[in-house]
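Fit chain to chain and form the complex, with the hints in mind.
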Amino acid sequence: MFSLSELLGKPVILAFYPADFSPTCGDQIGLYNEVLPEFQKFGAELLGISVDGPWCHAAFAKARNLHFRLLSDFEPKGAVARQYGVYRAADGISERALFVIGKDGVITWSYLSPIRENPGADGILEALENLPK
Amino acid sequence: MAKLKVPVSPDDHVQGSDNAEVTLVEYGDYECHDCGLAYSIVKQVQKHFGTRLRFVFRNFPLTKVHPHAESAAETAEFAGAHKKFWEMHDLLFEKQDRLGDAFFSELAGKLELSPAELNQALESNKFAARVRAEFSDGVRSGVNRTPTFFLNGDRYDGPVEFTDLVSAIDKAVATARHP
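Residue numbers (my numbering), protein chains in the order written: chain A, 1 to 133; chain B, 1001 to 1179.
Next up, chain B with everything else stripped away, as it sits in the complex (with noise of 0.2 Å):
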């Protein structure tokens, strides 16, 4: 079975406490229709488990299918600069039919960031090089397909479902408690 390479360290954007049962670690790109279903999904799950999941998201995009994926990418990278990670990861993926060097700066905006410097940000590629790391990683990792999860440093293939998901977190916990 595939296992998570890089664990996860601070440099990660992470909802949830370190001392959490249960990691939960997302590969996603913001323009793939099914990270955005994921998304709603990882919400619900996120709400069920409470304090003892801890989520993170990592970047994947696929730059050549998906125009706006890199620059999505880096416009969160960006605000998570500014500790607005996660609202940028929220707002990509709740509008992902709007993604865009136009969006992304109102986006910049509604989070009080600076548009320009987003702009200047992007067109000097300030966050290219943690976007491509991340990817790098995540091939290395045995990511094939967006988006990729992987419970507890296993990759999991499982359907991307509520109730999937729910029932392999569970088995995790288990597995944590009772090695």
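Just chain A, same shape as in the assembly (with noise of 0.2 Å):
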């Protein structure tokens, strides 16, 4: 079990994705993967969350040589999903989503991307950067 309040005082970058192992060239978490020191710049934590089953996780993250946590939204499945409004209950899998929590745990910044768009870091970035100092 893994709670957002541990994380209290740094900001947090969520990233709600659909599933593990999507092709590579074009995949939002190995992008994330590269971006992490822009991300270490303003002291932020990364993490990834999917319904995927831990054990999953573990495979995706040594494939693709992951530097961050990826939590599993397993059981009760899209449980944290649904709490954040980004749950596709028709497919079974989360929404591509970002979200951006201040120190303070109040989410600063949300972004729902189509999904089989990559949303890239820029929006991710830039909120970092308006977070109050």
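Hints should not be assumed to be uniformly reliable.
[To be verified] Computed footprint of chain B on chain A, listed as stretches where at least three residues anywhere in the stretch have a Cβ under 8 Å from a Cβ of chain B: (1) 30-41; (2) 86-99; (3) 120-127.
[Claimed, not checked] In the EDC-like style, the derived pairs of lysine to aspartate or glutamate whose C-alpha atoms are separated by at most 20 Å in a straight line are: (4) B/LYS1064 with A/GLU38; (5) A/LYS41 with B/ASP1137; (6) B/LYS1005 with A/GLU129; (7) B/LYS1005 with A/GLU45; (8) B/LYS1005 with A/GLU126; (9) B/LYS1064 with A/GLU45; (10) B/LYS1003 with A/GLU129; (11) B/LYS1003 with B/ASP1157; (12) B/LYS1005 with B/ASP1137; (13) B/LYS1003 with A/ASP122; (14) B/LYS1064 with A/GLU75; (15) B/LYS1003 with A/GLU126; (16) B/LYS1043 with B/GLU1021; (17) B/LYS1064 with A/GLU34; (18) B/LYS1005 with A/ASP122; (19) B/LYS1047 with B/ASP1170; (20) B/LYS1083 with B/ASP1097; (21) B/LYS1003 with A/GLU45; (22) B/LYS1003 with B/ASP1170.
Hints in this document: simulated from the structure, not taken from any laboratory. Please read all numbers here as calculations on a predicted model, not as lab measurements. For every residue, glycine included, the Cβ atom is placed at its ideal position computed from N, Cα and C.
Put into structure tokens, the structure is as follows:
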């Protein structure tokens, strides 16, 4: 079990994505893995979250050499995504949705991406820049 | 729509005239398969438009999945410092399956550059800051995959195929003439 309150005091990027193992070159998670040093300049912690189970996440993280945490919204399935209003019940997966949460635990920015489109990291970086210092 | 945040400048690697009607900027990775496919398509597109098109290449190495992407980018920049960027760029994309230190040395020799100097540049990360700056600017501009193209500053999200690129460029030419 993981609670966001453990990260109070630092900005958090919460990235909901539909599933592990999408093609590499256009992959959002792979991109964020590369951009990680830029996020870290803001002292921010990046968390990926999908309905995949922990073993799937472990295999994905190993295959893609990921350097940040992936959370498993697996049981009860999609419960966290539902709380954030980004669960696609008909498909059984979450939307591709981004949240930037300030040090105080309050969401300051969010973005719902078309599901097939990699939203990139420009919006996240701008939101981190706009956080109160 | 995502916009190119850093305009083309004299620091860029540019093919074509500054007076060209359309500028195509690519953010690419020498080890990326799709960039390899795009390489020959861009060549055809350049041939098709001739002097009407200006082409710019910027580095966007996905280093966590492509172990040779960073050193390939730095090798091209090393050649660039000796005014041989495009020769190296082409050689790297033409033999993507051979990327690695031995091959980089071989290419340096082929372009009459010093392999020893290249090795030293790679070991001291002489060109790493430039590569990182381009990557970082790319992220800010909304680069979300490799390759990502910008046409006159607007991100091109269409298929990277000859006919699609040609028609997008034709459209950009028309807009540039009659804004």
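Hint-by-hint comparison with the structure:
Counting residues of the stretch 30-41 of chain A whose beta carbon lies closer than 8 Å to any beta carbon of chain B gives 6, which meets the minimum of three for the stated coverage. Counting residues of the stretch 86-99 of chain A whose C-beta sits closer than 8 Å to any C-beta of chain B gives 0, which falls short of three, so the coverage hint is violated. With 4 residues having a beta carbon nearer than 8 Å to a beta carbon of chain B, the stretch 120-127 of chain A meets the requirement of three or more and the stated coverage holds. This hinted pair checks out: B/LYS1064 and A/GLU38 have alpha carbons roughly 15 Å apart, not beyond 20 Å.
A distance of roughly 15 Å separates the Cα atoms of A/LYS41 and B/ASP1137; the hinted pair therefore holds under the 20 Å criterion. This hinted pair checks out: B/LYS1005 and A/GLU129 have alpha carbons roughly 16 Å apart, not beyond 20 Å. Taking the CA atoms of B/LYS1005 and A/GLU45, the gap is about 25 Å. The hint is violated against a cut of 20 Å. In summary, the hint linking B/LYS1005 to A/GLU126 is supported, as the alpha carbons are separated by about 13 Å, within the 20 Å threshold.
For the proposed pair B/LYS1064 and A/GLU45, the alpha carbon gap of about 18 Å is at most 20 Å, so the pair holds. Simply put, B/LYS1003 and A/GLU129 have alpha-carbon atoms about 18 Å apart, close enough for the 20 Å limit, and the pair holds. For the suggested pair B/LYS1003 and B/ASP1157, the alpha carbons sit about 12 Å apart, so the restraint of at most 20 Å is met. At most 20 Å may separate the alpha-carbon atoms for a hinted pair to count; B/LYS1005 and B/ASP1137 meet this at roughly 7 Å.
For the hint linking B/LYS1003 to A/ASP122, the alpha-carbon distance of about 11 Å falls within 20 Å, and the restraint holds. Note on B/LYS1064 and A/GLU75: the hinted pairing is violated, with a Cα-Cα distance of about 30 Å set against a maximum of 20 Å. Between B/LYS1003 and A/GLU126 the alpha-carbon distance is near 14 Å, which keeps this suggested pair within the 20 Å criterion. For the suggested pair B/LYS1043 and B/GLU1021, the alpha carbons sit about 17 Å apart, so the restraint of at most 20 Å is met.
Between B/LYS1064 and A/GLU34 the CA atoms are separated by roughly 7 Å; this keeps the pair inside 20 Å, and the hint holds. Restraint check for B/LYS1005 and A/ASP122: the C-alpha separation of about 10 Å stays at or below 20 Å, so the hint holds. Among the hinted pairs, B/LYS1047 with B/ASP1170 is consistent with the structure: their alpha-carbon atoms are about 14 Å apart, no more than 20 Å. A hinted pair counts as satisfied when its Cα atoms are at most 20 Å apart, and B/LYS1083 with B/ASP1097 does not qualify at roughly 25 Å.
For a cut-off of 20 Å, the pair hint linking B/LYS1003 to A/GLU45 is broken: about 27 Å separates their Cα positions. The straight-line distance between the Cα atoms of B/LYS1003 and B/ASP1170 is roughly 19 Å, inside the 20 Å bound, and the hint therefore holds.
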